[in-house]
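Chains A and B, in that order, give the protein sequences.
So the first sequence is numbered by our numbering: it starts at 1 and just counts up by one.
So the second sequence is numbered by our numbering: it starts at 112 and just counts up by one.
For the record, the hints were derived by calculation from the structure and aren't laboratory data.
Any given hint could turn out to be false.
[Unchecked claim] As a list, the in silico DSSO-like pairs of lysine-lysine whose alpha-carbon atoms are at most 30 angstroms apart: (1) K120(B) / K152(B); (2) K45(A) / K168(B); (3) K45(A) / K120(B); (4) K37(A) / K168(B); (5) K129(B) / K182(B); (6) K152(B) / K37(A); (7) K133(B) / K37(A); (8) K133(B) / K45(A); (9) K133(B) / K182(B); (10) K37(A) / K71(A); (11) K69(A) / K37(A); (12) K168(B) / K152(B); (13) K37(A) / K182(B); (14) K152(B) / K57(A); (15) K45(A) / K152(B); (16) K168(B) / K133(B); (17) K37(A) / K120(B); (18) K182(B) / K168(B); (19) K71(A) / K152(B); (20) K68(A) / K57(A); (21) K69(A) / K152(B); (22) K45(A) / K69(A); (23) K181(B) / K45(A); (24) K45(A) / K68(A); (25) K168(B) / K68(A); (26) K194(B) / K168(B); (27) K45(A) / K182(B); (28) K168(B) / K69(A); (29) K152(B) / K133(B); (30) K168(B) / K71(A); (31) K152(B) / K68(A).
Okay, here's what each chain looks like letter by letter:
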Amino acid sequence: GEQVEQLPSILRVQEGSSASINCTYENSASNYFPWYKQEPGENPKLIIDIRSNMERKQTQGLIVLLDKKAKRFSLHITDTQPGDSAMYFCAANNAGAKLTFGGGTRLTVRP
Amino acid sequence: GGIITQTPKFLIGQEGQKLTLKCQQNFNHDTMYWYRQDSGKGLRLIYYSITENDLQKGDLSEGYDASREKKSSFSLTVTSAQKNEMAVFLCASSIWDWGGGSQNTLYFGAGTRLSVL
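Okay, chain A solo, but in the shape it has when bound (with noise of 0.2 angstroms):
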């Protein structure tokens, strides 16, 4: 099945700095990429998504990039705040609905 592989699994931060996140991918046939953040004891909730017809989208200080050649997307997270500490899940459909996830990066934003 789809393998999606997302790195690092912890990453650290001071308040005020950017944060990246990065994601590759097997199956040339994705098409839909959407990004999940958890906060301690709650359910997934979408943040952002991207599709493989764009290459950048951006909202409320969330940047995506998807780059189809390599089989890669990335989560960049501009001007963090402590409330942005939480884990993060990407994620690539495969065959239509499958949406398989990757392992997760725990973020985590210093004062």
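For this one, chain A is given, so just place chain B on it according to the hints.
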């Protein structure tokens, strides 16, 4: 808005026991999913269903069965619980826009926490 209800919230089982987890959604979504999340780890897809009566294996289907009884409900069975197993099982639903639109958000339930003695 809608809601996804997973029952039970906590499930304690015995080794070898068959255990059933239930999920109900009132979003009227076609597509439903079951994921397993081990502590501090990622989500692994067990089964998903594109529409009522459809069933598709995920990457972790061995040891599980699933049933999409009707559009609003999707149940998961652990066929033989493994000793000392601990995980959270998350159900999710989505419209899933096949045309590549913006409706592919997965909405997750609160999870069922499984412990096997």
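Hint by hint, here is what the structure shows:
1. Between the alpha carbons of K120(B) and K152(B) the distance comes to roughly 19 angstroms, so the proposed pair stays at or under 30 angstroms and holds.
2. A distance of roughly 23 angstroms separates the Cα atoms of K45(A) and K168(B); the hinted pair therefore holds under the 30 angstroms criterion.
3. Between K45(A) and K120(B), the direct Cα distance comes to roughly 19 angstroms. Compliance with the 30 angstroms bound is thereby established for this hinted pair.
4. Between K37(A) and K168(B) the CA atoms are separated by roughly 25 angstroms; this keeps the pair inside 30 angstroms, and the hint holds.
5. At roughly 24 angstroms between alpha-carbon atoms, K129(B) and K182(B) fall within 30 angstroms of each other, so this suggested pair holds.
6. This hinted pair checks out: K152(B) and K37(A) have alpha carbons roughly 13 angstroms apart, not beyond 30 angstroms.
7. Between K133(B) and K37(A) the CA atoms are separated by roughly 24 angstroms; this keeps the pair inside 30 angstroms, and the hint holds.
8. With a CA separation close to 21 angstroms, the supplied pair K133(B) and K45(A) stays within the 30 angstroms bound.
9. For the hint linking K133(B) to K182(B), the alpha-carbon distance of about 13 angstroms falls within 30 angstroms, and the restraint holds.
10. Annotation: proposed proximity of K37(A) to K71(A) holds, straight-line Cα distance about 22 angstroms (limit 30 angstroms).
11. Using a Cα cut-off of 30 angstroms, the hinted pair K69(A) and K37(A) holds, with the two alpha carbons roughly 26 angstroms apart.
12. For a cut-off of 30 angstroms, the pair hint linking K168(B) to K152(B) stands: about 21 angstroms separates their Cα positions.
13. Taking the CA atoms of K37(A) and K182(B), the gap is near 27 angstroms; set against the 30 angstroms cutoff, the hint holds.
14. A C-alpha spacing of about 27 angstroms is found between K152(B) and K57(A), which places the hinted pair at or below 30 angstroms, so the restraint holds.
15. For the hint linking K45(A) to K152(B), the alpha-carbon distance of about 16 angstroms falls within 30 angstroms, and the restraint holds.
16. Annotation: proposed proximity of K168(B) to K133(B) holds, straight-line Cα distance about 17 angstroms (limit 30 angstroms).
17. The straight-line distance between the Cα atoms of K37(A) and K120(B) is roughly 21 angstroms, inside the 30 angstroms bound, and the hint therefore holds.
18. Between K182(B) and K168(B) the CA atoms are separated by roughly 18 angstroms; this keeps the pair inside 30 angstroms, and the hint holds.
19. A hinted pair counts as satisfied when its Cα atoms are at most 30 angstroms apart, and K71(A) with K152(B) qualifies at roughly 23 angstroms.
20. Among the hinted pairs, K68(A) with K57(A) is consistent with the structure: their alpha-carbon atoms are about 14 angstroms apart, no more than 30 angstroms.
21. Proposed proximity of K69(A) and K152(B) is supported: the alpha carbons are some 28 angstroms apart, at most 30 angstroms.
22. Note on K45(A) and K69(A): the hinted pairing holds, with a Cα-Cα distance of about 28 angstroms set against a maximum of 30 angstroms.
23. With a C-alpha separation of about 25 angstroms, the suggested pairing of K181(B) with K45(A) holds against the 30 angstroms cut-off.
24. A distance of roughly 24 angstroms separates the Cα atoms of K45(A) and K68(A); the hinted pair therefore holds under the 30 angstroms criterion.
25. Between K168(B) and K68(A), the direct Cα distance comes to roughly 26 angstroms. Compliance with the 30 angstroms bound is thereby established for this hinted pair.
26. For the given pair, K194(B) sits about 24 angstroms from K168(B) by alpha-carbon distance, which is consistent with the 30 angstroms threshold.
27. Between K45(A) and K182(B) the alpha-carbon distance is near 22 angstroms, which keeps this suggested pair within the 30 angstroms criterion.
28. Among the hinted pairs, K168(B) with K69(A) is consistent with the structure: their alpha-carbon atoms are about 28 angstroms apart, no more than 30 angstroms.
29. For the hint linking K152(B) to K133(B), the alpha-carbon distance of about 22 angstroms falls within 30 angstroms, and the restraint holds.
30. Of the supplied pair hints, the one linking K168(B) and K71(A) holds, its CA atoms being roughly 24 angstroms apart against a limit of 30 angstroms.
31. A hinted pair counts as satisfied when its Cα atoms are at most 30 angstroms apart, and K152(B) with K68(A) qualifies at roughly 26 angstroms.
Of the numbered hints given earlier, the model fails none.
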